[in-house]
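Note that the protein sequences, when read in sequence, are chains A and B.
Take the first sequence: its position 86, counting from 1, is numbered 86 in the numbering used here, and each next residue is one higher.
Take the second sequence: its position 84, counting from 1, is numbered 84 in the numbering used here, and each next residue is one higher.
Rather than coming from a laboratory, the hints here were simulated on the basis of the structure.
We treat Cβ as the ideally placed atom computed from N, Cα and C, and that holds for glycine.
Errors might be hidden in some of the hints.
[Said to hold, decoys possible] List of simulated lysine to any residue pairs, SDA-like, C-alpha gap at most 20 Å:
#	chain 1	residue 1	chain 2	residue 2
1	A	K57	B	D32
2	A	K185	B	Q145
3	A	K185	B	D88
4	A	K185	B	L140
5	A	K119	B	A175
6	B	K185	A	Q145
7	A	K185	B	V183
8	B	K185	A	V177
9	B	K119	A	D174
10	B	K57	A	A33
11	A	K185	B	P147
12	B	K185	A	P142
13	B	K119	A	K119
14	B	K185	A	E146
15	B	K185	A	A138
16	B	K57	B	D32
17	A	K185	B	V89
18	B	K119	A	E173
19	B	K185	A	L140
20	B	K119	A	E168
21	B	K185	A	V183
22	A	K55	A	R14
23	B	K57	B	I43
24	B	K185	A	V89
25	A	K185	B	L179
26	A	K185	B	F149
27	B	K55	B	L42
28	A	K185	B	K185
29	A	K7	A	V49
30	B	K119	A	S167
31	B	K55	B	Y15
32	A	K57	A	P105
33	A	K185	B	Q184
34	A	K119	A	T66
35	B	K119	A	A172
[Unchecked claim] Far from chain A by the CB rule (all over 12 Å, computed), these chain B residues:
#	residue
36	E13
37	L19
38	T35
39	L42
40	Y45
Protein chains: 2
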Amino acid sequence: MSIAERKERQRAERYELILAAARELAEADGWDAVTTRRLAELINYSQPVLYSHFKGKADIMAAVATRGFEELATRLEMETTNVTDAADVLRNICAAYLDFARSRPVVYEAMFVLPTRIKFASEETPPALRAAFAALVAALGPDRQEPVFLAEVLWSALHGMVVLMQSERIPAEDAEVRLNILVQKFRSD
Amino acid sequence: MSIAERKERQRAERYELILAAARELAEADGWDAVTTRRLAELINYSQPVLYSHFKGKADIMAAVATRGFEELATRLEMETTNVTDAADVLRNICAAYLDFARSRPVVYEAMFVLPTRIKFASEETPPALRAAFAALVAALGPDRQEPVFLAEVLWSALHGMVVLMQSERIPAEDAEVRLNILVQKFRSD
DNA sequence: CGTAAAATACTAGCGTCGCTAGTTTATCTG
DNA sequence: CAGATAAACTAGCGACGCTAGTATTTTACG
Numbered sequence: 001m002s003i004a005e006r007k008e009r010q011r012a013e014r015y016e017l018i019l020a021a022a023r024e025l026a027e028a029d030g031w032d033a034v035t036t037r038r039l040a041e042l043i044n045y046s047q048p049v050l051y052s053h054f055k056g057k058a059d060i061m062a063a064v065a066t067r068g069f070e071e072l073a074t075r076l077e078m079e080t081t082n083v084t085d086a087a088d089v090l091r092n093i094c095a096a097y098l099d100f101a102r103s104r105p106v107v108y109e110a111m112f113v114l115p116t117r118i119k120f121a122s123e124e125t126p127p128a129l130r131a132a133f134a135a136l137v138a139a140l141g142p143d144r145q146e147p148v149f150l151a152e153v154l155w156s157a158l159h160g161m162v163v164l165m166q167s168e169r170i171p172a173e174d175a176e177v178r179l180n181i182l183v184q185k186f187r188s189d
Numbered sequence: 001m002s003i004a005e006r007k008e009r010q011r012a013e014r015y016e017l018i019l020a021a022a023r024e025l026a027e028a029d030g031w032d033a034v035t036t037r038r039l040a041e042l043i044n045y046s047q048p049v050l051y052s053h054f055k056g057k058a059d060i061m062a063a064v065a066t067r068g069f070e071e072l073a074t075r076l077e078m079e080t081t082n083v084t085d086a087a088d089v090l091r092n093i094c095a096a097y098l099d100f101a102r103s104r105p106v107v108y109e110a111m112f113v114l115p116t117r118i119k120f121a122s123e124e125t126p127p128a129l130r131a132a133f134a135a136l137v138a139a140l141g142p143d144r145q146e147p148v149f150l151a152e153v154l155w156s157a158l159h160g161m162v163v164l165m166q167s168e169r170i171p172a173e174d175a176e177v178r179l180n181i182l183v184q185k186f187r188s189d
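Turn these sequences into a full structure, and let the hints steer you where they fit.
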């Protein structure tokens, strides 16, 4: 059944092609510019082929978001495992989170801002998303009361800073100062 | 010129009618359901009359948001002036902010989430918005270093909690616990 | 190798969106 | 009452997400 394998591989390649095109288009002109017609033209297929891979535009965005969860989890876990200076794990994690949001703003948007069908804080939550959150919890250090709630508050603060900066509601150039304040408030000592 | 006055008053009434219809429709079915056609039908006028009052849909949403800023500022200032227990001003302000977001989710969305033409942190910032932010700064108490940045971080945390709850990315039922943690972290003593 | 069947991609179109041009109706002025 | 001005309307443009139905290619089999 080598020929079936080839077809499957080609399908998978086209799947990746769509995802890449969607991300590039979003990075260039925002998610509003990601239309099924433009996507189809970018990958040199007709519009309906998209619907053989995805249920619709929302499904494409969810797929991009899922990839984002994996990348974010990887980046955060790097900060917890490669502990050169254990004292500043919290700061490094927060900085890594903000850095991810700054480097992939539209992916971040799909992950955490736009309406999504992805379930959070439930059984169906993607593993990568759970892992990213676990890294946050770990960064707050052991022996904490209510570590999950504490991590949720920290995450809220980080997320708030990201979206308020991205929507130009607070100045982006002061990110460092705010990070310092935030870390100081959540430090365990 | 009494007749011109009457016309102007009728125009102002229709302006309010549009705003009220937009808010009601958004509260019922979300901002996506607020279309110019539905709005026109709700106020019993044809679609293009909307464009004699507003530049477009975004302008209508900005007007709803502006009203929201005024209501939020009023609510927050109430907590700073009616100081029954001065010690808990910070907590009351935070609670009032969260309560506003919970009671007017779609107005909050227009104010702080959706792309907006309203300028933040600049000369053109609406007075009500400045007042609301000033209440946050005041709630953090006097004798603080970098009070604006500190307030921005607090606001980020509050905003993050709101949007993550509204988009069901963190459970809404634990709002109280998170509020307690947040206030404790930002208390001055 | 030829043909029927199944899979696959296409063309065309539906309903809806924000917005606007052009026209008709209503109102005011002389 | 006639003409000018203002204000509403009808109709339509291009684009959107999505889908039904058709044509084409690929597969399986005699």
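Cross-check of the supplied hints:
The hinted pair formed by K57 (chain A) and D32 (chain B) meets the criterion: a straight-line CA distance of about 15 Å does not exceed 20 Å. Between K185 (chain A) and Q145 (chain B), the direct Cα distance comes to roughly 14 Å. Compliance with the 20 Å bound is thereby established for this hinted pair. About 18 Å separates the Cα atoms of K185 (chain A) and D88 (chain B), which keeps this hinted pair within 20 Å; it holds. Proximity of K185 (chain A) to L140 (chain B) is assessed by CA-CA distance (about 13 Å); at most 20 Å being required, the pair is judged to hold.
For the given pair, K119 (chain A) sits about 19 Å from A175 (chain B) by alpha-carbon distance, which is consistent with the 20 Å threshold. A threshold of 20 Å between alpha carbons decides the hint, and for K185 (chain B) with Q145 (chain A) the separation of about 14 Å falls inside it, so the pair holds. For the proposed pair K185 (chain A) and V183 (chain B), the alpha carbon gap of about 11 Å is at most 20 Å, so the pair holds. Our distance criterion of 20 Å between C-alpha atoms is met by K185 (chain B) and V177 (chain A), whose separation comes to about 17 Å.
Between K119 (chain B) and D174 (chain A), the direct Cα distance comes to roughly 17 Å. Compliance with the 20 Å bound is thereby established for this hinted pair. Taking the CA atoms of K57 (chain B) and A33 (chain A), the gap is near 18 Å; set against the 20 Å cutoff, the hint holds. Under the criterion of a C-alpha separation no larger than 20 Å, the hint pairing K185 (chain A) with P147 (chain B) is consistent with the structure, at around 14 Å. Restraint check for K185 (chain B) and P142 (chain A): satisfied, since their Cα atoms lie roughly 18 Å apart, inside the 20 Å limit.
With a CA separation close to 33 Å, the supplied pair K119 (chain B) and K119 (chain A) exceeds the 20 Å bound. Among the hinted pairs, K185 (chain B) with E146 (chain A) is consistent with the structure: their alpha-carbon atoms are about 14 Å apart, no more than 20 Å. Note on K185 (chain B) and A138 (chain A): the hinted pairing holds, with a Cα-Cα distance of about 18 Å set against a maximum of 20 Å. Between the alpha carbons of K57 (chain B) and D32 (chain B) the distance comes to roughly 11 Å, so the proposed pair stays at or under 20 Å and holds.
Annotation: proposed proximity of K185 (chain A) to V89 (chain B) holds, straight-line Cα distance about 19 Å (limit 20 Å). For the hint pairing K119 (chain B) with E173 (chain A), the CA-to-CA distance comes to about 16 Å; that is within 20 Å, so the pair holds. Between the alpha carbons of K185 (chain B) and L140 (chain A) the distance comes to roughly 13 Å, so the proposed pair stays at or under 20 Å and holds. About 8 Å separates the Cα atoms of K119 (chain B) and E168 (chain A), which keeps this hinted pair within 20 Å; it holds.
In summary, the hint linking K185 (chain B) to V183 (chain A) is supported, as the alpha carbons are separated by about 11 Å, within the 20 Å threshold. Distance check on the hinted pair: K55 (chain A) and R14 (chain A) sit about 15 Å apart at the alpha-carbon level, within 20 Å; holds. The straight-line distance between the Cα atoms of K57 (chain B) and I43 (chain B) is roughly 15 Å, inside the 20 Å bound, and the hint therefore holds. Proximity of K185 (chain B) to V89 (chain A) is assessed by CA-CA distance (about 19 Å); at most 20 Å being required, the pair is judged to hold.
For the hint linking K185 (chain A) to L179 (chain B), the alpha-carbon distance of about 15 Å falls within 20 Å, and the restraint holds. In summary, the hint linking K185 (chain A) to F149 (chain B) is supported, as the alpha carbons are separated by about 13 Å, within the 20 Å threshold. Note on K55 (chain B) and L42 (chain B): the hinted pairing holds, with a Cα-Cα distance of about 19 Å set against a maximum of 20 Å. Taking the CA atoms of K185 (chain A) and K185 (chain B), the gap is near 6 Å; set against the 20 Å cutoff, the hint holds.
As the CA atoms of K7 (chain A) and V49 (chain A) are separated by approximately 15 Å, the hinted pair is consistent with the 20 Å bound. For the proposed pair K119 (chain B) and S167 (chain A), the alpha carbon gap of about 10 Å is at most 20 Å, so the pair holds. Taken as a hint, the K55 (chain B) and Y15 (chain B) pair is honoured in the structure, with Cα atoms around 13 Å apart against an allowance of 20 Å. Between K57 (chain A) and P105 (chain A), the direct Cα distance comes to roughly 19 Å. Compliance with the 20 Å bound is thereby established for this hinted pair.
Simply put, K185 (chain A) and Q184 (chain B) have alpha-carbon atoms about 9 Å apart, close enough for the 20 Å limit, and the pair holds. With a C-alpha separation of about 11 Å, the suggested pair K119 (chain A) and T66 (chain A) falls inside the 20 Å cut-off, and the hint holds. A C-alpha spacing of about 14 Å is found between K119 (chain B) and A172 (chain A), which places the hinted pair at or below 20 Å, so the restraint holds. No Cβ of chain A comes within 12 Å of the Cβ of E13 (chain B); the nearest lies about 32 Å off, and the non-interface call holds.
Non-interface status of L19 (chain B) relative to chain A is upheld: no Cβ of that chain comes within 12 Å, the nearest being about 22 Å off. Against chain A, the non-interface label of T35 (chain B) holds: every CB pair exceeds 12 Å, the least being about 16 Å. Against chain A, the non-interface label of L42 (chain B) holds: every CB pair exceeds 12 Å, the least being about 24 Å. Every C-beta of chain A lies more than 12 Å from that of Y45 (chain B), the closest at about 28 Å, which supports listing it as non-interface.
Hint 13 from the earlier list is the only one contradicted by this structure; the remaining hints agree with it.
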